[in-house]
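A.B. asks: Can you join these two chains into the complex? Each is in its own frame, and there are hints to help.
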Amino acid sequence: MPDETWYGDDGEPGGRLVPLYMLVNGRTSPRNTSLNLATQVTALPVDTSALEPEYREILSCCGGWISVAELAAYLNTQLTVMKLLVDVLLERGFLALGDPAERTVADYRLLETILDRLQRL
Amino acid sequence: MNRKSVKVVVAGGFGTGKTTLVGSVSEIAPLTTEEVLTAPSEGIDDLTGIEDKTKTTVALDFGRITVNADIVLYLFGTPGQDRFWFIWDELAVGAIGAIVLVDTRRLDASFPAIDYFERRGIPFVAAVNMFFGECPYTEGEIRDALKLNPTVPLVWCDARDRQSSKQALISLVKHAMSRLPAGTSA
Ligand SMILES: Nc1nc2c(ncn2[C@@H]2O[C@H](COP(=O)(O)OP(=O)(O)O)[C@@H](O)[C@H]2O)c(=O)[nH]1
Ligand SMILES: [Mg+2]
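In the order they appear, the protein sequences are chains A and B. Here the first sequence stands for residues 154 to 274, where the numbers follow the numbering used here. Here the second sequence stands for residues -19 to 166, where the numbers follow the numbering used here.
Isolated chain B, as found in the complex (with noise of 0.2 Å):
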């Protein structure tokens, strides 16, 4: 069948933004669904010397845009929580690359995501979230203390902005596209 899907991973530390910017850009309200995970949990129990697994809920939101008869567009935002690296396995599979959201008062709160794409050459933009509609550092401070690769975009949004959001996408477009060879058609 020719109903192909594609994704966009919206990426970041928590509270940067995600689930807004997959909110401004769906054609329908955001979606979550939760996946419920067996997991060891941090150490091993001194009395028994058992591990103890613990339950734990992790939630996706996604939204859509439908391209056309054909492609949908998927909008993952990545769990809370960084650990769970096989979610993010699964939302990188198909995924034209990602959007990793940045507030300058906790840039460390990306650095998880950056790495994560980094590493695995997945292309993707470094967008930093304007929470206050100004901020005080100059693109290359932001890009020093990111350590960004010079040929990671880096593009300015407000998540709760349509069009802003939009043009973080568009940037991640074009970047992936800037990767291939013109005219290719898999």
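The shape of chain A in the complex, shown without the other chains (with noise of 0.2 Å):
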């Protein structure tokens, strides 16, 4: 991984209120290491109104399940600060997790339920 983090605030259409460092609090890497970028994230029922419009953006996007990678594309966020963003959201509870990913698909009912659908497509 690279040591250093770029947020991508500047520049941006329409300017942020707090860059984005900030409201990561300074945190460049994610501490719930599960988290890819394909991980499936959904927000829990919690009152939001306290929060800073960014999380409230990323929450209103997490009704169903939903990946980092997804969020990202949407809100036109890189993957890195998406990554980040969602990690707080998850220790602050406003997110729960989906399965974390196992390093390699070794489970064969699973290759076997996703052949079927394929095979559908």
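These are calculated hints, taken from the structure and not from any lab test. Worth double-checking, as some hints may not be accurate.
SDA-like mimics (lysine to any residue), calculated; alpha carbons at most 20 Å apart, straight line [said to hold, decoys possible]:
(1) B:Lys154 / B:Pro130
(2) B:Lys154 / A:Val199
(3) B:Lys35 / A:Tyr261
(4) B:Lys154 / A:Gln272
(5) B:Lys154 / B:Asp83
(6) B:Lys146 / A:Glu265
(7) B:Lys154 / A:Leu274
(8) B:Lys154 / A:Arg270
(9) B:Lys146 / B:Val47
(10) B:Lys35 / B:Arg63
(11) B:Lys35 / A:Glu265
(12) B:Lys127 / B:Pro161
(13) B:Lys127 / B:Lys146
(14) B:Lys35 / A:Leu274
Being a predicted model, the structure only gives us computed values, none of them experimental.
C.D. replies: Shown next as structure tokens:
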């Protein structure tokens, strides 16, 4: 991993009220190490009114399950930054996390289920 | 929580049809997300002796196939630049394996991808993208040129065609299954 993270907040149209590095409290890598770009998250039913707008915007996309990569794409935010924002939301109890990715998929039945679905594509 | 995502990595050199394949099988229009990296640029500045750091934007395209209420399959195209291996490492976590697209006019463009998955023991299939409907080489010739391990499946595809791309995906999943003892559940 690169030792520096660029937060991508300069030059963005509309501008941000709070620099992203402040939003994530200077965090440069996720504390939840099982967070991958395909990890699924979903909003928990908690009051979000005290949250910064950037966080509320993310939660508004998490009514169902969604991946970190999709959040980054829809909200036009760099992947690394989205991961950090999601990490903070997980830690603060606003999001629930799906199954962590295994290093390799070694579940025969899971592959069978996927194969069956692909054959119907 | 039981919501699970699995991935298929779509790799191959620049212009081999990765984005096209992702788009032809995805249930959503392919999405793009960017990663901005600070990486030392080539060499060291001669005058100052200070390593020059440059920001590089790397784009990742991906698509999605919902398998059932608990499982989503993501298809991730690898970034055009081969040197950002840590992005490949992140893509490979939780992946069934990879489809390595091959353009027979530029076989060498797919060498780094083949080498990457080979070394890590990640299941992959080589998919020859038939840009002009026909391929002038035999399977044996392509296998030799790519130095493909005989156990690696080689398929022909037209990345623009959904059924054809789907067959490449199916061959990958079958190949991954063939490497596991039947009936195992993690
Ligand atoms: N004729 C033909 N063109 C293709 C095929 N697959 C991709 N292309 C074209 O080749 C170009 C590169 O494809 P793209 O998917 O962007 O490649 P990537 O760089 O690997 O993502 C695009 O202009 C595609 O339309 C194919 O199977 N047949
Ligand atoms: Mg592409």
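A.B. asks: Tell me, in ascending order, the numbers of any earlier hints that this structure violates.
C.D. replies: Violated hints (numbers, rising): 2, 3, 5, 11, 12, 13 and 14; every other hint is consistent with the structure.
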